[in-house]
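A.B. asks: One-letter residues, chain by chain:
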Amino acid sequence: MFFRALRHFEFFEPKTVAEANELLLSYGHQASVMAGGLSLIQTMKTGEKKPEAVISLQKIDSLKFIDSDNDQDLKIGALATIRSIEKSREVQKHWAVLVQTARCIGSVEVRRMGTVVGNLCDGTPASDLATILIAMGAKMRVTSSGAEREVPLENFCVGPHQTVLEEGEMVREVRVPSLGDHSFASYVNLARTKPDITKVSVGVLVKNQNGACGDVRIAVGAVAPVIVRVRKAEELLRGEKLKASTIEEAARLAQEDVVVRPITDIRSNAGYRKEMVRVLVERALTDVVDKMNGAHAH
Amino acid sequence: MRRIVCTFVVNGVTRELLVETNALLSEVLQDDLGLKGVHVGCGTGDCGACTVLVDGLPVLSCSTLAVTVRGKEITTVEGMANGTKLHPLQESFIEHGALQCGYCTPGMLLASKRLLEINPSPSRQDIKDALAGHLCRCTGYNKIVDAVMAAAEGEE
Amino acid sequence: MDDDLRVVGKRVAAVDAYQKVTGTAEYCTNISLPGMLVGKVLRSPHAHARVVKVDGSKAEVLSGVKAIVTHQDVPRKVFTYNVMTYQLPQGELQDMHLFDHKARYIGDPVAAVAAVNEEIANEALRLIDVEYEPLPAVFTVDEAVKPGAPVVHDFAENNTPVPPTPVFCYGQDVEELFKEADAIAEGTFSTSKQIQAGLEPACSVAHFHDGRLTVWSQIQLPHMARKMLAYLFDLPESKVRLIQPFAGTGFGAGTDLCCEPYACALAIKAGAPVKVLYSRSEDFANRITREHICKIEMKIGVRKDGAPLALKAKYTGDAGAYMCKAASGCGVALASNITEYKFESMYQEIEAIYTNHVACGAMRGFGGVQSSFARESLIDEVCEKIGMDPIEFRLKYHRNVGELGWFPTTQISSCGLDECLRAGAETIGWYEKKALPKNGVRRRGLGVACMAWLSGAQPMLLEHSNAILKFNEDGGCSLFVSPGNMGQGILGTLAQIAAEVLGLEYRDINLIYGDTDLTGFDIGTHASRGLYCIGRAVKKAAEDARAQILERASAILDAPADQLDIKDRKVFVKNEPERSALLSQISNACIYDYQKGCRQIVAHATVDPAEFAPPWQAGFAEVEVDTQTGVVEVIRWITVHDVGRAINPQVVEGQLEGGTAQGIGFALYEDTQIIHGKLLTDGFDKYRIPSMLDLPEHETVLVEQGDPTGPFGAKSVGESGLFLQVPAIANAIYDAVGVRIRDLPMSPERILKALKEKTAP
Ligand SMILES: Cc1cc2nc3c(=O)[nH]c(=O)nc-3n(C[C@H](O)[C@H](O)[C@H](O)COP(=O)(O)OP(=O)(O)OC[C@H]3O[C@@H](n4cnc5c(N)ncnc54)[C@H](O)[C@@H]3O)c2cc1C
Ligand code: FES
Ligand code: FES
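The listed protein sequences derive, respectively, from chains G, A and E.
Sequential numbering from 1 applies to the first sequence in the working numbering.
Sequential numbering from 1001 applies to the second sequence in the working numbering.
Sequential numbering from 2001 applies to the third sequence in the working numbering.
One or more hints might be untrue.
[Unchecked claim] Heads up, simulated PhoX-like pairs for lysine-lysine below, C-alpha to C-alpha not over 20 angstroms straight-line:
1. E/Lys2269 with E/Lys2077
2. G/Lys49 with G/Lys64
3. G/Lys274 with E/Lys2753
4. E/Lys2396 with E/Lys2385
5. E/Lys2102 with E/Lys2053
6. E/Lys2385 with E/Lys2299
7. E/Lys2239 with E/Lys2227
8. G/Lys75 with G/Lys139
9. E/Lys2299 with G/Lys274
10. E/Lys2269 with E/Lys2058
11. A/Lys1072 with G/Lys15
12. G/Lys59 with A/Lys1072
13. G/Lys274 with G/Lys232
14. E/Lys2385 with E/Lys2470
15. A/Lys1072 with G/Lys64
It is worth saying that the hints were derived from the structure and are not from the lab.
Same shape as in the complex, but just chain G (with noise of 0.2 angstroms):
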């Protein structure tokens, strides 16, 4: 009554998916999805986004769900926590990448209240999950009233906080492909202080094919308006051993890559930022390489 930051809207609170795409059709571009609501709250705040409709997933219980089971896809409900990935027995036992990279975002609360999916759909490149999630190969689900499509995370963004999301469609899950025994994934960032949001930040998969390098995935946060993937990188560790001197290659390949172009903002500059890609890809290539290492040893 007294001290109101936020502006009035409508607020939904739908108990199906159904009924929330209904409602996200008929309003259209004033509306937006709430899931934990804390990016989503911070931008009404700004004004940012001046929505005339909230439409709250809150209330939809069958997208609260983590379905884990190591020869399976991981599906992680729109409703999902980045806390109840951190906490869940499966994911810390066979993704357990994802579980330190959940590690690295902001503080317990904003884990708490902040979801995955929601994390995805805010659409920062400098997103901790979803750098390591696109080197995962990680897949959205994308429903709206009476049909569903399947985006991979790595075209899900086209621009900071803009995703392919068309009006009247919303984000169901996302699916992380098993890692099974022979991948191996590593996530490394640096960030001005420990909760800070991520300067730059590297996520590699590397699939381990008789000692040597398979299918390989190294994605890079917080250096392009969407988080890059450096093929060049990728493509010169194919089929390699993962030599340090290779290593020290590809990283110097990625650094190199057209599609690394950072800009200079608050939290670095661009040199430095350009720079940390190739620190930061040796450091998860070398990284992977005591994981791959370690796993043979057992």
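Using the hints, position chains A and E with the ligands against chain G.
C.D. replies: Just chains A and E with the ligands, lined up with the frame of chain G:
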């Protein structure tokens, strides 16, 4: 909907209020319920000062729509003591000088309460991990960690 | 030192801690008065513009709007946020007008509104029609002094209100001495405009009622703030009452006004209480920041045995749009160079320049932090050149008791620096660790730095404190004092002093504070003066009260007053302790004397100390530098502080530990970025202060040798905590990886760049 009749159990007392959907939990607790222990430091989720417990879990009240926690139990720092008997963490904060201006204190206390419930004998690192989202400009944190350690030891 | 103390020196809980842990503590931000309105400030979007027209007529008719104030509604008077101006006979430069005809920084207030709620207040802001005539703006001191640069204030030629001025100089020509020097180090240092960043955002409530203006404020200097507000609104001081609830901010931020003038102007017009609460971004962007010495040029020369010969320095302050404390900040910075080492000669200059940035004021370590950075870095450098251990140098050449202090007429009254250095060196393992080889990607290094500071800005500034003690029937008493209370523990320590003198328990003293109607005049809290200066007033008042008690007891016990003593709430004859009377009995008799001898025990003391009682400190850092990323991790931090006497060691540690966090923040993280006059880092998400995860386990060691002028030997600690992290960490980085960083913050970006330049051919 622009207004919803909401029931909250605030520090054990059931309160029924007509709440605008745009009202933040911090605003309702401060303005409508007059709770002075709810402190807003940043409004962006970065300082933790506004933390309250919702069904026992620390939540940032500056970044929560009040209507989304209707029907839930909300504990603010005012609800930590049992009558005149302070919670062991409150005692410990006083004894260890874990507060100066006191602005961060409600959030620190409530988040620590939750920590000790799930981890009764935390290490110093556990405490730092749990409280990383709580900024304090006054104390340099040492005495806060000391106070939580001591409260944990006292409870065993 | 007499160690027969019962209350002083004990770790007692802060007097306000109970309220703070139970959530009952009142802050400006949580004050709510019946009929209170929301006040909001309309701010210039231009860094520099003439305000041609302000029309509030559309906003005025909006339902729920209760007041709109523009320049037409307030007396046109030149004033300053800097209420410390009253501490100098000629005052500091005053250059502000409430809602001026010209906006000089992005955010400069042009109008304000009060409405029944925030939404309407925001809507009213949008409806106020302002016509600006944008002017070219200047953002760096180099630009500002160029011929033809935009003029920020008409009276200040070349935007230079303070042209290069020599201050705090002594000895012979420094240039001659540099010729004799065996080693010289020099450099240009820059710092970031640190934000005090208290957790509570700026807030003030004002109420004008029955001809009196009551203001709830976070100010640290309540009486002088009252004077400024009285002047500004044409009221006698007696018609203005300044109340300080608890403040969740301070660290110097409260030495300048902030939202008070706007809350007052609105409250006077609306005739209802008004609360002005800044959002976090409004707070960061408009709060008068740390005194911004943007450039320090310094040169020092020593003989081959280390003997310090000459120090030459020039400090340039970016005042921002208004002067506030830019000149005094630079001045104090220079003064603080004097106390530390036995330089034969010093030549120092200050200069302050206007730009179109938010003005700067004061933060903990006012000027001394910047001086320590330059001086202690250069000392480290000359030590290396002459092959002398930096601890050795400091032990040998720091000043000592009886020598010249910070201000020309002062003398050093005590010095425990030797012990600080020795204790710190041992704790951190200085000599063993220094000898370890440096290699690998991550390299460790050690650094040390020293400081001497002051316990109040006397004799440069007016100094004045009052304390009143009033006894109740039961022998307990009320102590009336007026520090700025930001939770620094001052209230409890003052109570300890009174209790010690009076033979009372700590809890027997009931503190009355935070209200100019109730308390005697006080400068308030700045310049680390609180405990030292107000403590002296409290001690004096307590001694007076004690004399009154003993006199009264002398009749009851039939013994001369000088043979009586008080302990544990009992007055007794010194060599016959069983002859005693309870303090309650005496105090009650003073109030209920049916023999016509009623005289309540009330004591009042005024002090205006002239001594400055320097505290000394040595800070030790161990860091690890990642040579590939430039990331610095502080592995260990140790503060060893000569506090004279710790009235409450827990409070002293708290001050030092909090300072350490701010110092590590200033050294490594806190980076105020302003582009074209716009503050980019206007939130805790962008302006990062250290979290729990960013600090090492840091340690505090206290040295207590007593100061002859301090209450129970105490000296200050308020500001000292953040002096040395910057230079000691800079020195440790050099020790680890061989690069000298001279710009703050020492970010990974800067360190990596320096490492590259070092290895480049
Ligand atoms: C203090 C703080 C620190 C942070 N630190 C980090 C960090 O270090 N690293 C990091 O990666 N992130 C960080 N974040 C971001 C944080 O992880 C996200 O804010 C959070 O995960 C978003 O989740 P949410 O459920 O609250 O999303 P919401 O705020 O509810 O939604 C975010 C956006 O996604 C849209 N959206 C949400 N769900 C869906 C859906 N199912 N379908 C379509 N659109 C949807 C919303 O409309 C909105 O635009 C931080 C945030 C804060 C406040
Ligand atoms: S006020 Fe909510 S996190 Fe700072
Ligand atoms: S005690 Fe002041 S912010 Fe923590």
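A.B. asks: Checked against the structure, which of the hints given earlier come out wrong?
C.D. replies: When the structure is compared with the hints, numbers 2, 9, 14 turn out to be violated.
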